[in-house]
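Chains as they are written, first to last, in my numbering: chain A, 114 to 328; chain B, 114 to 328.
Check the hints yourself; a few may be wrong.
Which copy is meant is left open, so a pair is good if it fits within one copy or across any two.
Below, simulated SDA-like cross-link-like pairs (lysine to any residue); rule was C-alpha separation at most 25 angstroms, straight line [stated by the list, open to error]:
(1) Lys137 <-> Glu328
(2) Lys137 <-> Thr259
(3) Lys137 <-> Asp204
(4) Lys137 <-> Gly233
(5) Lys137 <-> Ile237
(6) Lys137 <-> Ser304
(7) Lys137 <-> Ala317
(8) Lys137 <-> Glu189
(9) Lys137 <-> Ser200
(10) Lys137 <-> Phe122
(11) Lys137 <-> Pro325
(12) Lys137 <-> Asn247
(13) Lys137 <-> Ile243
No lab work stands behind these hints, which were simulated from the structure alone.
2 protein chains.
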Amino acid sequence: MSMILYGYFRSSAAYRMRIALNLKRLDYEQRSIHLRNGEQRADDFLTLQPQGLVPVLQDGDAALIQSPAMLEYLDEAYPDSAPLLPSAPVDRARVRAISDIVCCDIHPLGNLRVLQFLQGPLGIDQAAMIDWFNHWIRLGFDAIETLLADDPRTGRFCHGDHPGMADVCLVPQVFNSRRHDLDLTPYPTISRIWQACEAEAAFAEAHPSRQPDAE
Amino acid sequence: MSMILYGYFRSSAAYRMRIALNLKRLDYEQRSIHLRNGEQRADDFLTLQPQGLVPVLQDGDAALIQSPAMLEYLDEAYPDSAPLLPSAPVDRARVRAISDIVCCDIHPLGNLRVLQFLQGPLGIDQAAMIDWFNHWIRLGFDAIETLLADDPRTGRFCHGDHPGMADVCLVPQVFNSRRHDLDLTPYPTISRIWQACEAEAAFAEAHPSRQPDAE
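Okay, chain A solo, but in the shape it has when bound (with noise of 0.2 angstroms):
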């Protein structure tokens, strides 16, 4: 039985998700929830996700939920296909770290709920709310950078050769930044393993632009 991803085109998360099964060749049915409809907030869908976030990953009995821990457990369920992480701890923690200043430190800034809440209850206008949205990708980025720039564990990829979780992480982060057309020149290392990334099947089909439920 394939497992069922329950996603949405624009999700950075679900896009996260697409990739890493794309990479790992595992088959999934994609299910389509509206984020800006409230689909999220559907009690059938509140039983599978409590906090009314996508992705979910159904896998046979499982749902499992938050995306950091998904990519952990496709790597640990699955670990006959391209692993997402290297070997070594020290350099297993490098490519972790990476993909934490998306996940923690860029992303939970700039998602759909954080913006309502920003242009919503505290009543910051729409200029405010870019220059926010911005601010913590610019912040990630420079730090991302930096990280892979003076590094010679840098490879084609954001780790080696081989694509995995940081570059999972770092290109719907990418994709992500141009919604308000963050200045990318800085970042040349970002930017030239984001254009290796597309260039690779599972990442390119992973496109939101590509999903069944893109508008």
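Put chain B on the given structure of chain A with help from the hints.
Relative to the frame of chain A, chain B by itself:
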């Protein structure tokens, strides 16, 4: 040679690391980076951590950053002491998901640099800042309470009867939630587990009030 933990008594992420190092009975020295005095922006520290964030864990030649990546590292590099994760992939995914709700969906929205940006550039007043702070904790705790209360795998701690990664992440977040007096009455399972953790030496000794740089 013992490890060096660069931290700050009140940082949730440093508090996580102190608990985990204590649980695993690993020796470490603490170096305090005073966040309110801006020591995280000193050149020496930025060489270790380009984001200027604590904690950093120095283990031999390796300077590790990002607490979720460091927790995984401790379990992988020191597998003989108390494991922070259970063994089955589905259970590991559960523990990591609870941890991720704290590390990705709660903590990033309430940390110092974010509150400073809200109150500085965005001009949010103190009352709105406290609403923001508590709003994201409440959303995350609502989900964690459901995940803990509804699952037979919850024991004396978040997963079974030994403390692990989810407890390591949850306890500093509960501590943090008391800063602006969040009502914990809706979270009986979280409260019970928090109290069980506080009774353990590994947690009690890691408490912010017991650190050398506590004010």
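Here's how the hints hold up against the structure:
1. Lys137 <-> Glu328: Neither. Shortest intra-copy (27 angstroms) and inter-copy (49 angstroms) distances fail the 25 angstroms Cα cut-off.
2. Lys137 <-> Thr259: neither (28 angstroms within a copy, 32 angstroms between copies)
3. Lys137 <-> Asp204: For Lys137 and Asp204, the Cα distance is within 25 angstroms both inside one copy (20 angstroms) and across copies (21 angstroms).
4. Lys137 <-> Gly233: Answer is neither: 40 angstroms inside a copy and 44 angstroms across each miss the 25 angstroms cutoff.
5. Lys137 <-> Ile237: neither (42 angstroms within a copy, 45 angstroms between copies)
6. Lys137 <-> Ser304: within (24 angstroms within a copy, 40 angstroms between copies)
7. Lys137 <-> Ala317: For Lys137 and Ala317, only the intra-copy Cα distance (14 angstroms) is at most 25 angstroms; the inter-copy one is 42 angstroms.
8. Lys137 <-> Glu189: both (12 angstroms within a copy, 22 angstroms between copies)
9. Lys137 <-> Ser200: both (16 angstroms within a copy, 22 angstroms between copies)
10. Lys137 <-> Phe122: within (20 angstroms within a copy, 41 angstroms between copies)
11. Lys137 <-> Pro325: Within one copy, since 21 angstroms is at most 25 angstroms while 47 angstroms is not.
12. Lys137 <-> Asn247: Cα proximity of Lys137 and Asn247: none, with 32 angstroms in one copy and 39 angstroms across.
13. Lys137 <-> Ile243: neither (35 angstroms within a copy, 43 angstroms between copies)
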